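Peer 1: Letter by letter, the chains look like this.
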Amino acid sequence: MAFILPKGIIREIEKRIRTFLWKDKSDTGYAKVAWNQVCLPLNEGKLGIRDVQALNYALMNHSITPYSSCGHRYDCLEMGGRNRLWHRQLNLSDPLRLLSHPASPASRQPSSGTDDTKRELFKKVISYMTIGIDVSSVFSEMVMCSATSDIVLKKMCYLYVGNYAKHNPDLALLTINFLQRDCKDEDPMIRGLALRSLCSLGVANLVEYLVGPLGNGLKDGNNYVRMVAAVGVLKLYHISASTCVDADFPALLKHLMLKDKDAQVVANCLTSLQEIWTLEASKSEEAAREREALLSKPVIYYFLNRIKEFNEWAQCIVLELVSKYVPSDSDEIFDIMNLLEDRLQHANGAVVLASIKVFLHMTLSMTDVHQQVYERIKAPLLTLVSSGSPEQSYAVLSHLHLLVMRAPFIFSSDYKHFYCQYNEPFYVKKLKLEMLTAVANESNTYEIVTELCEYVANVDIPMARESIRAVGKIALQQYDVNAIVDRLLQFLEMEKEHVTAETLVLVKDLLRKYPQWSHDCIAVVGNISSKNVQEPKAKAALIWMLGNMLKICRIVLTFWRVLLRTGMRSILQRWPPHSALDVSCQCLICLFMGWLSISILLLQYIPNVILGGSFAPSYSSDEVFLEKTTRDSKALGAALAAGIADFHQDVHDRALFYYRLLQYDVTVAERIVNPPKQAVSVFADTQSSEIKIVSLTNSTVSLLCTKRRYAFGRRLTKLMKTFLQPSYMFTDKEYRGPFAFSEELGNLSIGTEPADNVVAAQVVEANDKDLLLSTSEKEESQGYGNNGSAYSAPSYNASTTTGASQGHLDLVSLDQPSTVHTTASFAIDELLGLGMPAAPSPAPLPSALLLNAKATIDPNAFQQKWRQLPDISIDPRGVAAMTNPQALPQHMQVALVDKFPFLVA
Amino acid sequence: MISQFFVLSQRGDNIVFRDYRGDVQKGSAEIFFRKVKFWKEDGKEEAPPVFNLDGVNYFHVKVVGLLFVATTRINLSPSLALELLQRIARVIKDYLGLLSEESLRKNFVLVYELLDEVIDFGYVQTTSTEVLKSYVFNEPIVVDAARMPPLGPAALFMQGNKRMPGTAVTKSVVAHEPGGRKREEIFVDIIEKISVTFSSSGYVLTSEIDGTIQMKSYLTGNPEIRLALNDDYTLEEVGYQVMVPPDGEFPVMNYRITQEFKPPFSINALIEEAGSLKAEVILKIRAEFPSSITANTILVEMPLPTCTTRVNFDMEHGIAGQTADFKESQRRLEWNLKKIVGGSEHTLRAKLNFSQEFHGNITKEAGPVSMTFTIPMYNPSRLQVKYLQIAKKTKSSNPYRWVRYVTQANSYVARI
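So the protein sequences, as listed, match chains A and B. Under full-length UniProt numbering, the first sequence has 360 at position 360, and the numbering climbs by one with no breaks. Under full-length UniProt numbering, the second sequence has 117 at position 117, and the numbering climbs by one with no breaks.
One or more hints might be untrue.
Computed spacing ranges between beta-carbons, pair by pair [as the list claims (entries may be wrong)]:
1. B:323 <-> A:37: 36 to 44 Å
2. A:366 <-> B:343: 56 to 64 Å
3. A:46 <-> B:12: 32 to 40 Å
4. A:366 <-> B:23: 36 to 44 Å
5. B:137 <-> A:15: 49 to 57 Å
6. B:12 <-> A:116: 13 to 21 Å
Quick caveat, the hints were computed from the structure, so don't treat them as lab data. Just so we're clear, the structure is a prediction, and the values are computed from it rather than from any experiment. Quick reminder that beta carbons are idealized off the backbone N, C-alpha and C, glycines included.
Please model the entire structure based on the sequences and the hints provided.
Peer 2: So this is what it looks like as structure tokens:
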């Protein structure tokens with residue numbers, strides 16, 4: 001019935017005590033002395049009332065079991081701010097002194113009784129020591145007591161000495177004498193123990209006392225002493241390297257290593273030598289040579305021949321050494337591998353993995369043998385996975401994971417071993433899922449995906465998420481994704497929030513790779529109620545899809561409008577405080593693209609605009625245009641305003657950038673924000689596994705600790721960032737302006753009612769305009785007319801308007817004559833086999849998507865070319881035009897002044 | 001090479017702390033515990049057994065709720081560290097007879113003594129109880145076993161099976177019996193953990209047996225032992241084995257069988273809607289093993305739809321020790337049976353009430369059904385010990401030889 005009392009209870013108890021102390025019968029009255037003073041002990045002139053909390057803690061402290069069991073009372077619990085909880089306990093030195101003193105009453109007891117009492121006392125001391133109480137005050141008594149034949153007492157004493165010597169060199173000196181004497185004891189056990197303690201003292205100015213006993217220890221007739229001495233040399237080296245080297249201990253160790261009968265002595269010599277020579281190698285050439293000599297053929301063979309004598313841990317050390325050895329020819333390799341073959345059956349996983357490491361290292365240069373090795377080690381590894389504790393199987397699985405990543409085909413028939421069991425810890429399941437995705441190929445995908453789908457329905461949410469991701473990854477790997485896409489879409493129908501969220505993100509990635517699935521996906525995605533999508537990532541994905549598929553799919557249009565009015569607005573309202581950066585950005589992009597798409601679609605329905613051929617100004621069509629898109633532009637305006645007012649620089653800049661872009665030219669904006677998208681062939685995070693594999697051969701821990709790289713395809717963001725640079729450049733002059741007022745306007749535009757939003761946005765724009773006017777009045781005189789030609793706006797190619805009607809194509813071709821650089825961009829596209837043929841190609845293509853080169857080009861060549869692509873996939877002309885320092889500012893500013901759709905609205 | 005070794009309780013208290021190299025800061029135990037405790041904010045993910053934090057590699061294993069941790073700054077083989085930790089736990093258990101927080105605290109001096117011999121300056125010396133016996137002198141203080149949950153595979157034999165000498169399993173290898181004379185005995189345990197997944201139509205999708213032959217010797221003088229196994233079952237590397245069993249618990253052999261075998265239980269689970277806010281679950285389990293064998297501590301679990309508010313159970317009458325419960329916080333149905341006799345069949349009917357109208361497929365919201373059980377004296381692989389010979393018979397008495405079989409569910413799942 002012991003537990004830490006809640007603070008409230010403690011306060012209540014103290015209150016009662018106080019009431020009893022100071023007050024009469026009533027509850028009121030004054031305390032005469034502060035409570036923490038009252039709690040101080042009697043011998044300090046206070047009342048000695050116990051601090052309830054300290055008392056509670058003290059009683060809770062079971063780690064002082066010996067103390068409580070030997071009948072002491074907890075009468076020293078005044079914590080009262082001075083932490084003197086333990087002062088009474090340290091009086092232990094009294095009985096100890098009694099014990100060490102020959103005339104003490106204790107010594108009159110029968111000898112065994114004395115030892116027992118001593119043991120009890122020693123135990124107590126050590127127990128305080130281990131819970132962090134400083135008992136160094138009894139050091140001398142402890143040392144005195146150590147002159148005993150009782151080995152248990154001696155051991156405890158050594159433990160005590162070892163703990164305090166390092167920080168109390170003076171005290172350590174006291175122990176040297178008796179330790180040295182013990183080093184010459186006739187019992188090898190005591191010799192060994194004394195030597196170990198002597199070496200563990202770790203006091204630099206006592207090393208002179210070490211050399212003698214160590215030298216004797218290395219030559220001792222007993223293997224235990226030699227074993228201890230071999231490690232002792234290493235300890236000495238760490239205290240004082242020069243003493244160790246001067247005494248020529250490394251040479252002695254080497255001699256022992258090659259000659260000693262006892263395997264553990266040999267192993268300890270090896271570990272010590274390895275460490276000493278590695279540290280020494282930087283200082284002396286001889287040590288470096290010696291270190292190399294450890295890897296020479298005779299030494300390696302010597303160890304290999306004795307390997308069965310070593311215990312499992314020493315075997316690991318030897319195997320580690322062997323793995324660094326470079327055999328001279330293939331015969332040698334086979335000899336070694338044959339010799340080590342039976343290590344694969346060892347019950348200790350560490351030995352098995354160490355031998356596997358040797359095998360893999362040796363055969364790195366021999367491709368076919370290397371593969372055979374994989375086949376050979378498969379069974380032992382799989383057995384190991386299921387035989388140990390979850391932690392051990394995790395370690396084995398991590399290695400297996402790398403092998404699977406490296407050679408999935410070898411493991412593809414064993415996929416059932418990677419099925420998750422429901423009672424496994426999450427970290428094991430996660431690894432298994434990764435392996436399942438890796439081994440998936442044409443023959444087993446169906447079964448693996450079926451299994452994964454079972455996990456998706458799992459009640460364990462992280463597991464369900466991981467499974468969906470795994471399904472998605474398989475889909476991204478495979479060429480035949482038909483069935484998988486169906487499954488993914490079924491997940492959306494499950495209407496579980498986390499499933500929907502995770503699936504949306506995946507469907508987004510899928511669409512980036514396989515745009516041909518857009519039609520199927522969008523029908524399902526369109527049905528998702530926005531209530532089910534709460535997570536930022538999922539929201540961003542959903543918005544991205546809506547934004548990008550507008551052109552592809554008209555159906556969305558209506559949905560889009562609905563979303564714009566309802567969903568977006570609700571997102572926007574909650575914007576600044578809640579949403580993640582990703583969502584904000586995606587929102588903006590999406591709103592913007594949506595608005596643009598609608599504008600452009602609308603343009604098609606305004607015959608006079610098209611037929612009149614005066615495409616340049618949506619200027620002239622402003623009224624009609626805006627009438628139709630008033631609602632959307634309001635929303636967009638609100639979004640931009642909120643964006644500009646956003647605290648995050650990225651969102652702010654982006655909003656500003658869109659805003660300017662919009663003012664400049666709608667079509668140009670469309671082209672820049674929504675360039676033709678090429679299918680993504682390789683996602684950055686799938687490549688990171690290659691990096692991991694490199695590390696297979698040299699490190700083990702690093703494998704387990706490899707961090708997930710977050711290089712997830714953020715091409716869109718990157719792309720936009722490049723544009724932000726110029727936007728900074730040309731906003732340089734008025735940079736402070738909008739920024740400053742966005743702050744002052746923050747209250748106005750953020751968090752207001754939907755109706756107010758629009759107004760607020762307009763205010764923003766109005767202000768902006770005034771501000772810009774003042775800075776750009778000089779250039780105002782320049783006409784808008786030459787704007788179009790100077791910019792030499794090229795038409796975006798047909799792929800951007802895939803879903804658009806023939807009429808739209810006409811629209812594009814109307815614009816065509818003015819383009820200058822178009823062909824250049826197509827040339828690039830053609831070179832890559834990625835893009836479309838020239839837009840004005842005569843054949844009326846039913847769907848531009850047919851031209852996707854995915855089917856015809858082999859993936860390797862494709863990737864090759866893909867890598868050569870500049871990181872930004874947007875038409876280079878756009879960038880050039882935008883960043884051209886002379887041309888741009890003018891146009892932009894003119895445009896800013898000329899066009900303000902929002903104002904009219 | 002490891003720098004520190006420590007054992008933490010579930011609350012994060014240091015029970016044992018040993019610093020071998022001094023190159024990792026003293027507060028590492030606290031840093032470690034905080035990291036593990038708050039691995040993910042939502043607390044739903046467990047920390048992996050190996051992680052790196054500020055240049056320190058932390059390895060840990062969980063044994064009976066205690067965290068055994070090793071730290072190092074070098075790039076150490078993780079399997080070596082984890083194997084070592086597991087082995088240290090086993091050595092301590094061999095010595096103390098029972099591994100628990102209390103026994104560790106009572107015997108900390110012994111534990112430190114052991115640790116000093118197991119690891120020297122960060123390098124593993126030996127983890128063999130047999131070898132350690134000659135170096136370690138403290139006597140264990142035995143903790144009352146009855147109050148403590150036992151550890152390890154051998155603990156399976158404790159459960160409701162009076163035929164086994166229960167105390168032996170938690171007997172210390174070194175401690176002397178109160179009576180003075182040590183009983184000569186040796187245990188050979190064949191423990192098989194089975195994993196079976198049934199499809200919704202009742203077919204076996206995957207099945208696997210992970211078996212261990214474990215030996216625990218309390219024989220004096222380390223006599224040679226011959227162990228012969230039956231050969232009618234195709235197992236790799238099985239024949240007869242000659243060995244000198246070291247003191248303490250050690251695995252003779254691990255094996256894995258992926259061939260099909262007859263699952264001990266067939267599970268039949270059904271969930272169907274019964275009205276707008278109601279559904280019915282029928283769980284039927286059938287014991288497919290001979291009636292001479294009895295399975296015990298059976299637990300059947302099934303996650304229910306999240307909108308389930310109330311469940312009414314309809315259990316068969318006349319079966320002792322049967323309980324069914326709806327764990328509301330986890331939305332899970334739990335059905336406990338004390339024992340099931342071979343060949344029998346048991347059914348549970350449950351009526352579910354939902355808080356809201358259900359749309360979509362109800363089977364997607366519930367399940368899978370998982371089952372845990374222990375079946376003593378039964379092993380699906382039919383691997384048998386034909387004979388167990390102790391080469392050097394002691395004059396005074398013939399040592400007791402125990403051969404025990406047990407099957408335990410590892411992952412026994414039926415999908416619906």
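Peer 1: Return holds or violated for the Cβ distance of residue 12 of chain B and residue 116 of chain A against the range 13 to 21 Å.
Peer 2: violated, 34 Å
Peer 1: Lying within 36 to 44 Å: is that true of the beta-carbon distance residue 366 of chain A to residue 23 of chain B?
Peer 2: holds, 39 Å
Peer 1: How does the Cβ-Cβ distance of residue 366 of chain A and residue 343 of chain B compare with 56 to 64 Å: does it lie in that range?
Peer 2: holds, 57 Å
Peer 1: When you take the CB atoms of residue 323 of chain B and residue 37 of chain A, is the distance between them in 36 to 44 Å?
Peer 2: Between residue 323 of chain B and residue 37 of chain A, where Cβ atoms are some 57 Å apart, the hint is violated.
Peer 1: Take a look at whether the Cβ-Cβ distance between residue 46 of chain A and residue 12 of chain B falls inside 32 to 40 Å.
Peer 2: Since the Cβ atoms of residue 46 of chain A and residue 12 of chain B sit about 34 Å apart, the hinted range of 32 to 40 Å holds.
Peer 1: If I claimed the Cβ atoms of residue 137 of chain B and residue 15 of chain A lie 49 to 57 Å apart, would that claim hold in this structure?
Peer 2: Given about 53 Å between the Cβ atoms, the range holds.
In summary, the structure is inconsistent with hints 1 and 6 from the numbered list given earlier, while agreeing with the others.
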